[in-house]
Amino acid sequence: MPVVLTVDARSGVPIYQQIVEQVKRSTALGVLQAGEQLPTVKQLALDLTINPNTVARAYRDLERDGVIETAPGRGSFVKGDGAAASTKLAARDVARRAMESAVREAKAMGLSRADVRTVTDTVLDRWFPEE
Amino acid sequence: MNITISHLTKKFAATLAVDDLSIEVPAGTIFGLLGPNGAGKTTTFKCMLGLARANHGTVRFDGKTLAPPLFEGIVYLPERSVLYDWMRVGELVEMNRRAFKRFKAERALELLKTFGIDANKRCGSLSKGMKTAVAVAAAFAREADLLVLDEPTSGLDPVNQRHVLNLMVNEAARGATVIFSSHQIGQVERAAERIAILDRGKLVLEGAVDDLKADRKIVEAIFPDEHYSLNGLSGDKRIGRIDRSGRIVRVVALDGANDLARRLEEAGGTGIRVVDLNLEDIFLYAVAPTSARADVVEGS
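Here the protein sequences line up with chains E and Y, keeping their order. Numbering (my numbering) for the first sequence: 6 to 136. Numbering (my numbering) for the second sequence: 3 to 302.
In short, the hints are calculated from the structure, not lab data. Note that CB positions come from ideal geometry on N, CA and C, so glycine has one too.
Quick list of the computed label-pair ranges, beta carbon to beta carbon: (1) E:26 <-> Y:4: 24 to 34 Å; (2) E:96 <-> Y:286: 35 to 45 Å; (3) E:26 <-> Y:237: 33 to 43 Å; (4) Y:157 <-> E:85: 47 to 57 Å; (5) E:78 <-> Y:160: 30 to 40 Å; (6) Y:261 <-> E:125: 20 to 30 Å; (7) E:125 <-> Y:160: 42 to 52 Å; (8) E:121 <-> Y:204: 46 to 56 Å; (9) Y:62 <-> E:106: 37 to 47 Å; (10) Y:8 <-> E:82: 39 to 49 Å; (11) E:78 <-> Y:278: 35 to 45 Å; (12) E:16 <-> Y:157: 25 to 35 Å; (13) E:128 <-> Y:9: 51 to 61 Å; (14) E:123 <-> Y:6: 58 to 68 Å.
With a cut-off of at most 30 Å between alpha-carbon atoms, the simulated BS3-like pairs for lysine-lysine come out as follows: (15) Y:115 <-> Y:103; (16) Y:66 <-> Y:103; (17) Y:13 <-> Y:204; (18) Y:103 <-> Y:123; (19) Y:13 <-> Y:48; (20) E:47 <-> Y:106; (21) Y:106 <-> Y:130; (22) Y:66 <-> Y:204; (23) E:47 <-> Y:103; (24) E:47 <-> E:84; (25) Y:115 <-> E:47; (26) Y:239 <-> E:112.
This is chain E alone, in the form it adopts within the complex (with noise of 0.2 Å):
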């Protein structure tokens, strides 16, 4: 299957984050699988109507990750031995960040740290109820 990948560029988030996030989800969602191609810098640039240097800039942040790796002349591909690994880390990136948000918010709105702890307890007891 093909990764769709969309940028919003009026967003206040840089759009070289924008994809870098995506494909990291991708990957952690299995979307985008070991060894899988991803489209070239001005085939993307292109199809995102977005800068070359932009995308180029993102998939040298995944390269230095480990989530992708770039053959000279064939392009760049999904990292296949440490996939799994790699998939992990990816995963655990973005759900940091979701959570980083929630707990500020949740600061700024005069929660304390027992608050915080009750809320994420019934949560990770609404997702993990067999744990």
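Model the placement of chain Y on the given structure of chain E, informed by the hints.
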């Protein structure tokens, strides 16, 4: 082609249209020039290309001053396209083919087709948007090293606007440098890697769009009453400005938003929020009256 503008200054009578402007445009970049009406965007383009004589300053193309050997590789799309009304679109393509060695006539005709323009029509019979499209088609068939585009999407419908942006992306992917101006911030935000904002001839902000977005945030805090002090923050270079309204304070952070959020919390603020800014917000803060700057508000 890498472009270096240094200390460019242009006076019209008593008005400084361009005021000591220095910008560096790296090769292969799509560079967006933004600014309110009369900010000096068009004058900058004209001075760059020798169509107006600057009073001071220099412009270098790959380190060289503008000279005939460079003309072939530089395309200029003026704000209002200059086409001969009596000329047929096809004849215009032929004229370009004879004028420029690298001009690809088939490419121009193919682009005209995507814009839905009949090559047999006379230029004078075209609408404003269609005239823009004809000029764009001719410009992007030049295989240029540098494209200077003044409002390249004016008068075009959204589909054709997107088409022009994609042509720019395509040129940049080929390694060409693209400098363009636009009133539509959304387009600049999407296609440009770097931007410069001009206001009354002066450069007020320059940088990579994604870096500006990553660095610039608004940090909002609510204080228990109106008698709170932000003296700890005075003189902090990371603060663009501080707006106080009653118990609410909004700090425009140029950098280090998370740290500033922590500082506001230490000062007794609650309900801290860090808000992302898009390019339109960044633009408006950059050209807002300077009376609202941090140091002035601090003393009030």
